[in-house]
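Protein chains: 2
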Amino acid sequence: MRKLINNPENLAIELIDGFCLTNKNKVKRIAPHVCARKEAPIAGKVGIVIGGGAGHEPLFLEFIGKGMADASVHGQVFTAPTPDKVLDAIKAADSGNGVILLYNNYAGDVMNFDMGQDFARMEGIKVETVLINDEISAFPPEKAEERRGTTADHLVIHVAGAAAEAGLPFDELKALIEKTVFNCRSLGVSTSECTLPETGLATFELPEGRMEFGMGIHGEAGIEQVDLMTADATAERLCSDIIKDLPFKKGDEVVALINGYGATTRMEMFIVMRHMHKYLEQQGMAVYDTELGEFCTAQEMAGVSVTLMKLDSEIKKYWDMPADSPGFVKY
Amino acid sequence: MRKLINNPENLAIELIDGFCLTNKNKVKRIAPHVCARKEAPIAGKVGIVIGGGAGHEPLFLEFIGKGMADASVHGQVFTAPTPDKVLDAIKAADSGNGVILLYNNYAGDVMNFDMGQDFARMEGIKVETVLINDEISAFPPEKAEERRGTTADHLVIHVAGAAAEAGLPFDELKALIEKTVFNCRSLGVSTSECTLPETGLATFELPEGRMEFGMGIHGEAGIEQVDLMTADATAERLCSDIIKDLPFKKGDEVVALINGYGATTRMEMFIVMRHMHKYLEQQGMAVYDTELGEFCTAQEMAGVSVTLMKLDSEIKKYWDMPADSPGFVKY
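Just so you know, the sequences run in chain order L and X.
Under my numbering, the first residue of the first sequence carries the number 1, and numbering increases by one thereafter.
Under my numbering, the first residue of the second sequence carries the number 1, and numbering increases by one thereafter.
Careful: at least some of the hints might be erroneous.
Since the list can't tell identical chains apart, any single copy or any two copies may satisfy a pair.
[Claimed, not checked] The list that follows gives simulated cross-link-like pairs (lysine-lysine, BS3-like), each with its CA atoms no further than 30 Å apart:
1) 24 <-> 278
2) 38 <-> 278
3) 330 <-> 317
4) 244 <-> 24
5) 179 <-> 143
6) 330 <-> 143
7) 24 <-> 143
Derived from the structure by calculation, the hints contain no laboratory data.
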């Protein structure tokens with residue numbers, strides 16, 4: 001164990017305490033596990049609720065604010081939030097225009113968010129769900145709805161949040177978010193294990209000098225373990241698998257994202273980004289915008305993921321709008 | 001070795017390539033190791049040049065932009081930039097109003113920046129230097145000028161950049177920056193080693209379950225190795241040592257910063273932040289603003305540092321101004 005924590009049982013609550021103190025002018029605490037942007041609920045606007053297990057910060061906790069979500073519900077580490085907490089978040093986000101739940105496709109999350117959604121509907125609140133399932137490795141495209149959500153999250157949340165802010169009505173907003181999820185594809189590679197903060201134990205084993213493609217953000221097994229590749233070869237492999245998947249075509253405009261999983265240096269991310277740009281241009285694709293940073297982490301796991309979001313005029317319009325959240329700022 | 005790189009000899013150049021591609025609308029490449037904000041040099045404004053060895057990203061490379069520095073010069077990993085590169089950066093920042101060099105106090109940096117400064121003066125450019133030396137552990141307060149610069153960097157750069165942007169004349173600006181450096185104190189703790197990216201070898205040894213106070217950002221020995229403490233005890237120890245140093249007094253307003261060195265999760269940083277807030281308030285200090293993130297890293301070293309910046313009305317005025325740089329945004 002090398003982590004700076006107190007009682008492991010209080011991890012999620014204490015980190016949310018710290019988050020709220022750090023951002024006291026921007027967010028408010030609705031309940032022990034629920035935070036909302038200061039001005040929520042916002043009159044005339046469809047609410048966006050995000051959430052999931054703790055341990056992936058800034059995801060989802062920190063993606064609330066202007067042009068992002070209205071409320072986030074945070075579970076224990078790598079554990080879905082319970083339905084009562086989901087209900088609290090829905091109420092915090094609802095101004096009478098309904099709420100869209102937007103989170104990653106994991107069985108535990110789906111079960112708990114669905115129950116929270118049911119509770120809210122029983123109270124007369126209009127609620128619908130869009131699942132994020134951008135990670136391409138575990139299932140083929142024809143089973144895309146079974147895929148996990150990973151590092152497309154903040155891209156999708158921003159498009160959704162900006163469109164909600166712009167006043168898009170409920171059904172159109174939901175359709176836009178579904179299209180944006182469909183247009184996002186991700187694949188990652190890990191170069192070291194991560195440990196569970198409660199126990200200090202590694203969630204999987206990865207020998208020095210090896211890397212694994214398709215590793216999940218909770219240590220889920222990947223699809224292939226190989227000897228450590230160069231940054232350029234890694235960028236090419238990640239991008240080429242993603243491009244085949246949608247498929248992306250020549251002339252497509254994309255937002256290209258490099259996400260660090262935790263222990264990855266920005267030095268490495270920039271070096272991977274460098275070749276990714278070159279490779280995407282060689283494939284005839286236009287890199288409209290780039291994102292680089294730690295957005296969806298898996299504790300101190302080393303490695304990177306690539307996400308490509310294919311743009312059309314509608315997605316681009318909302319992507320270009322500002323975002324101001326503790327975890328993601330765009331001006 | 002677990003890092004995603006290509007030829008280790010090209011690390012710095014390739015990471016700067018990636019940085020410029022990622023931020024192509026905000027920065028420009030002046031020379032292989034020198035970047036400037038797009039609009040530099042800015043007429044009527046004193047230029048600010050920052051820089052140092054690579055491997056600490058986002059420091060210093062990414063702190064150029066509005067309300068930050070005009071140009072940054074990046075050396076090889078953990079190695080000072082050479083004088084010719086410093087000269088390139090000075091020229092990129094100078095609009096005829098002179099340039100202030102602002103960087104961390106390490107012997108190699110001082111030697112190389114001083115030579116670059118001499119070259120620029122020979123070309124008729126007005127150049128002065130302010131060294132950042134916020135790290136309190138290695139020397140007592142009476143030898144403060146021998147101290148290392150660490151995680152106060154982006155706070156100082158922002159105050160300097162905002163004041164320069166506001167049109168403060170050269171001598172007043174230099175005095176303000178010196179005062180701001182004096183008002184910043186930092187102390188950190190490491191919970192794991194970092195490796196040199198060229199070799200994959202650790203720069204020091206830290207057994208599992210131990211932590212070291214005062215460790216430098218290049219693996220310089222610290223002042224005390226102890227068994228891993230809780231987050232709360234760590235926050236208290238870091239803050240109390242810093243408070244004694246200036247000394248900070250009851251009623252002082254501060255900006256309180258938690259910096260992650262690389263592999264530290266935001267979860268841990270928030271938990272440390274939580275208790276830091278409580279402790280500073282107990283000491284009668286007013287936390288005016290907080291910062292949390294990875295600003296000055298030491299590759300994948302785990303651990304955090306605390307920086308406190310004591311505010312007066314002048315520093316506060318410039319701190320409150322906006323910053324827009326790839327590595328630090330403030331609105």
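- If any of the earlier hints don't hold here, list their numbers in rising order. Structure breaks hints 6, 7.
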